[in-house]
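**Q** Residue strings, one per chain:
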Amino acid sequence: AQTVTQSQPEMSVQEAETVTLSCTYDTSESDYYLFWYKQPPSRQMILVIRQEAYKQQNATENRFSVNFQKAAKSFSLKISDSQLGDAAMYFCAYENFGNEKLTFGTGTRLTIIP
Amino acid sequence: ETGVTQTPRHLVMGMTNKKSLKCEQHLGHNAMYWYKQSAKKPLELMFVYNFKEQTENNSVPSRFSPECPNSSHLFLHLHTLQPEDSALYLCASSQEGRTYNEQFFGPGTRLTVL
Chain A
28 AQTVTQSQPE MSVQEAETVT LSCTYDTSES DYYLFWYKQP PSRQMILVIR QEAYKQQNAT
88 ENRFSVNFQK AAKSFSLKIS DSQLGDAAMY FCAYENFGNE KLTFGTGTRL TIIP
Chain B
238 ETGVTQTPRH LVMGMTNKKS LKCEQHLGHN AMYWYKQSAK KPLELMFVYN FKEQTENNSV
298 PSRFSPECPN SSHLFLHLHT LQPEDSALYL CASSQEGRTY NEQFFGPGTR LTVL
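Chains A and B, in that order, give the protein sequences. Residue 141, in our numbering, is where the first sequence stops; the numbers in between run on with no holes. Residue 351, in our numbering, is where the second sequence stops; the numbers in between run on with no holes.
Same shape as in the complex, but just chain A (with noise of 0.2 Å):
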């Protein structure tokens, strides 16, 4: 079975800098899609990025980029310049292709320091 870990459960950061969110998982398949997820204090989950395991190019959603390595099974986000709005958790989930299926991390609590 597929497992998806988030090490950090908390993190901060300053209002316009940058932050990192880690997110490592374990899969024995080769073709499979991660995503990053983000559920604001409303509690409303929200898609924010996406990437298919077969693309060697890091996926960019705006201020939002990831940066995926296959081999060690990582899968970051990073969001640049930091907003108010960003304060959320964010979980990392993995999907089978062709499973349909998600496997979510724990999450990350972001606070957006002003």
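Among the clues, some could well be false.
[Stated by the list, open to error] Part of the chain A face toward chain B, derived, beta carbon under 10 Å:
| id | residue |
| --- | --- |
| 1 | 36 |
| 2 | 62 |
| 3 | 66 |
| 4 | 70 |
| 5 | 71 |
| 6 | 72 |
| 7 | 73 |
| 8 | 74 |
| 9 | 124 |
| 10 | 126 |
| 11 | 129 |
| 12 | 132 |
No lab work stands behind these hints: they were computed from the structure. Positions of the beta carbon are idealized from the N, C-alpha and C atoms, including for glycine.
Using the hints, position chain B against chain A.
**A** Coordinates of chain B only, in the frame set by chain A:
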């Protein structure tokens, strides 16, 4: 209403009560999910419905009973719950058959069992 809605947002019940959680998705998706979110634990997938058919039941106790009358509505019937069942219950939906499974979440129901 847009996206995924859940009612009620908060629920307090005794161990002998019977209550139901409701989820509705307005996205035209064909799959719906129930998750349990407890502090410091990964999201636990409870049930999956594809085209109204239950395809996943992750060893959930029988005191939780799901119902999916159509692809837009999902219920979770609760009876004789235990205090350890107190958690945030999230509903999600997705369009299965696509390349990757982006799930859209509702705001959750905060359940407290006394």
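**Q** Against each hint, give a clear statement of whether it holds in the structure.
**A** Consistency of the hints with the structure:
no.: 1; hint: 36; result: holds (7 Å)
no.: 2; hint: 62; result: holds (8 Å)
no.: 3; hint: 66; result: holds (8 Å)
no.: 4; hint: 70; result: holds (5 Å)
no.: 5; hint: 71; result: holds (5 Å)
no.: 6; hint: 72; result: holds (4 Å)
no.: 7; hint: 73; result: holds (7 Å)
no.: 8; hint: 74; result: holds (5 Å)
no.: 9; hint: 124; result: holds (8 Å)
no.: 10; hint: 126; result: holds (8 Å)
no.: 11; hint: 129; result: holds (6 Å)
no.: 12; hint: 132; result: holds (6 Å)
Of the hints listed earlier, there is not a single one the structure fails to meet.
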